[in-house]
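Those letters in the sequence shown? Residues -29 to -1, 1 to 284, by mature numbering (1 follows the signal peptide of the UniProt record, and there is no 0).
FYI, nobody ran anything at the bench for these hints, they're computed from the structure.
There could be a bad hint or two in this list.
Stated by the list, open to error - Pairwise CB distance ranges (calculated):
#1 V86 <-> V161: 35 to 41 Å
#2 D259 <-> T53: 23 to 29 Å
#3 D82 <-> D243: 49 to 55 Å
#4 Q207 <-> P136: 53 to 59 Å
#5 D11 <-> V161: 37 to 43 Å
#6 G260 <-> G189: 26 to 32 Å
Cβ coordinates follow ideal geometry from the N, Cα and C atoms, glycine included.
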Amino acid sequence: MPRNSRFFSRRALPLLAASALALSLAACATSGENDAGADDERPVVLTTFTVLADIAENVAGDNLRVESITKVGAEIHGYEPTPGDIRRASEADLILDNGMNLEAWFGQFVDGLDVPHVVVSEGVETIDITEDAYAGMPNPHAWMSPLNVQIYVDNMVDAFSDLDPDNASAYEANGEAYKAELQTVQDELVDELSVLPDNQRALVTCEGAFSYLARDAGLTEKYIWAVNAEQQATPQQITSAIEFVRDNDVPAVFCESTVSAAPMQQVVEATDAIFGGTLYVDSLSEADGPVSTYLELIRHDATTIIDALTARN
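With the hints as constraints, model all of the structure from the sequences given.
In structure tokens, the structure reads:
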């Protein structure tokens, strides 16, 4: 999450304005993006961000047209829907969102639209944020665990089968194949990290976006800040991270692609840890980038973590 984001943005379009825009824009000519699919009669599934879109495409196969409301690199938490977004949503057959307060703008976005939507994180065992202003609220980054994404897949299979019953068996088969790939990533992560001493089984990052991955990989999580905010990391937060790394002889620390790694570099300079690399969370990259699919994202992160933490062994 970019540092200037707010976890629960209040900058969404008001309900009445959203409804009016949806009605007034419904008759407008389609945008260039939709022109490309003007002759595509498949049902349209609209997701809130690119990670969900890629997962959904793996389940949908060729039977549905899957699109993302936000583009590659967009900040999802405080996103402000455009009139074009509202029109696209009004014309979709199904909308998928992550839930757990990730998309702060989503409630007003779908209010007044006669389009079904499904929360794909339904059924995930949530982990609460424990620090800062958002303590007690669920950490929304559930997709950072390959095990959780298998739950996302099951929810998508059910939703797509309800939307398009004729292809239910295809969605089921696609889902099972994709879950097998997710399980392989999970098994490799756990197996490769098993060589670490207990005190070094730690994932130290800039933000607390890896709670689910750490839990499912048997790692202790430590971060500089729980949720990105407008202020810089405090001296107390950096000191806490330094003490944790020293006390546990943690071999490597990490930071996310969307924030400055400068605070974590202070941790590196004050300890024997190396900077283990950049991790990806909220968005896929362009097609020619390092993480153009969710599987590439989670494999990249898993490999980066494994290589850095086990380098001494």
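Structure-inconsistent hints, enumerated in ascending order: Per hint list: zero violations.
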